[in-house]
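Q: Taken in order, these protein sequences are the chains called A and B.
Numbers 1 to 129, taken from my numbering, label the letters of the first sequence in order.
Numbers 1 to 129, taken from my numbering, label the letters of the second sequence in order.
Possibly wrong hints are sitting among the right ones.
As the list claims (entries may be wrong) - So the derived list for chain B, only partly shown, Cβ under 10 angstroms to chain A, looks like this:
| # | residue |
| --- | --- |
| 1 | Ala3 |
| 2 | Gln7 |
| 3 | Thr18 |
| 4 | Asp23 |
| 5 | Thr26 |
| 6 | Leu75 |
| 7 | Gly92 |
| 8 | Cys96 |
| 9 | Thr98 |
| 10 | Ser102 |
| 11 | His105 |
To be verified - Coverage of chain B stretches by chain A, computed from C-beta distances (three or more under 8 angstroms per stretch; other residues unrestricted):
| # | stretch |
| --- | --- |
| 12 | 29–40 |
| 13 | 106–115 |
Keep in mind that the hints were calculated from the coordinates and are not lab data.
Just so you know, these numbers come straight off a predicted model, no measurement behind them.
Glycine included, every Cβ here is placed at the ideal spot set by N, Cα and C.
Number of protein chains: 2
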Amino acid sequence: MEALLAQIDFAKGGGLVTAVAQDAETGEVLMVAAMNELALRRTLETGEVHYWSRSRQELWHKGERSGHVQRLEGLYVDCDGDAVLVRIRQVGGAACHTGHRSCFHRRAEGGSLVVEGAPLFDPSEVYRR
Amino acid sequence: MEALLAQIDFAKGGGLVTAVAQDAETGEVLMVAAMNELALRRTLETGEVHYWSRSRQELWHKGERSGHVQRLEGLYVDCDGDAVLVRIRQVGGAACHTGHRSCFHRRAEGGSLVVEGAPLFDPSEVYRR
Numbered sequence: 001m002e003a004l005l006a007q008i009d010f011a012k013g014g015g016l017v018t019a020v021a022q023d024a025e026t027g028e029v030l031m032v033a034a035m036n037e038l039a040l041r042r043t044l045e046t047g048e049v050h051y052w053s054r055s056r057q058e059l060w061h062k063g064e065r066s067g068h069v070q071r072l073e074g075l076y077v078d079c080d081g082d083a084v085l086v087r088i089r090q091v092g093g094a095a096c097h098t099g100h101r102s103c104f105h106r107r108a109e110g111g112s113l114v115v116e117g118a119p120l121f122d123p124s125e126v127y128r129r
Numbered sequence: 001m002e003a004l005l006a007q008i009d010f011a012k013g014g015g016l017v018t019a020v021a022q023d024a025e026t027g028e029v030l031m032v033a034a035m036n037e038l039a040l041r042r043t044l045e046t047g048e049v050h051y052w053s054r055s056r057q058e059l060w061h062k063g064e065r066s067g068h069v070q071r072l073e074g075l076y077v078d079c080d081g082d083a084v085l086v087r088i089r090q091v092g093g094a095a096c097h098t099g100h101r102s103c104f105h106r107r108a109e110g111g112s113l114v115v116e117g118a119p120l121f122d123p124s125e126v127y128r129r
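Could you put the whole structure together from the sequences, leaning on the hints where they help?
A: Here it is in structure tokens:
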């Protein structure tokens, strides 16, 4: 794993790289977040995606509270090493905290944003624990 | 367009949002870059994707030199408004400056990175002009 980590440019983004999560089966882009070295390491070690929460300034095991973890199917590094693509299987079907399948569920149309699709879960149920 | 731009949180990232480019036909994630408000505005106005180059600190009309522009097919905004997804048609077939179709052409395998696929063009030819 050290050989892989050595090829990732964490310094450029102040210790963070951009991580794009894509549904491994459908190809749908589900979310974008940040990873630091620890998050990437844990992702590779556990097979479940970990990010770095910039708002909370802590390691973020995605789905830890909701149970909707992201199982890693493949990890790709971009040409300049400052972004990674994780191809995943989204447990529970939805990656977004709103209950929508993808965080990118608002489409630009005629100069404004239109919501596509319906939430798959009720966030007030999933996050109340 | 102002209604749309008002819903995008440029302030959070110091004037920039993350932009993920995805092939509209195949679903392949091609690259990740940054956009400022001007870049997003030009993208919507022209139908060709513009980014903000952080290294050159200038507006970057993708494909301007190589001819390999990205034609916009759809634009999505994420739940917290700090990332956009552009679904595009990649003219010339390759988004990466290395000639590879995707910037994410290196796959993690056994703790190191393995290049997938072959370049579609020779960068020394495309960029020598």
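Q: Are the hints correct? Go through all of them and say.
A: Here's how the hints hold up against the structure:
1. Ala3: holds, 4 angstroms
2. Gln7: Constraint on Gln7(B) satisfied, holds at 6 angstroms.
3. Thr18: holds, 5 angstroms
4. Asp23: Holds: closest Cβ of chain A sits about 9 angstroms from Asp23(B), inside 10 angstroms.
5. Thr26: At about 7 angstroms, which falls below the 10 angstroms cut-off, the nearest Cβ of chain A leaves the hint on Thr26(B) intact, so it holds.
6. Leu75: holds, 4 angstroms
7. Gly92: Violated, because the Cβ-Cβ distance from Gly92(B) to chain A comes to roughly 16 angstroms (cut-off 10 angstroms).
8. Cys96: Holds: closest Cβ of chain A sits about 5 angstroms from Cys96(B), inside 10 angstroms.
9. Thr98: holds, 5 angstroms
10. Ser102: holds, 8 angstroms
11. His105: holds, 7 angstroms
12. 29–40: With 3 residues in contact (Cβ-Cβ under 8 angstroms with chain A), the coverage given for the stretch 29–40 of chain B holds.
13. 106–115: holds (count 6)
In terms of the numbered hints stated before, the structure departs from hint 7 and from no other.
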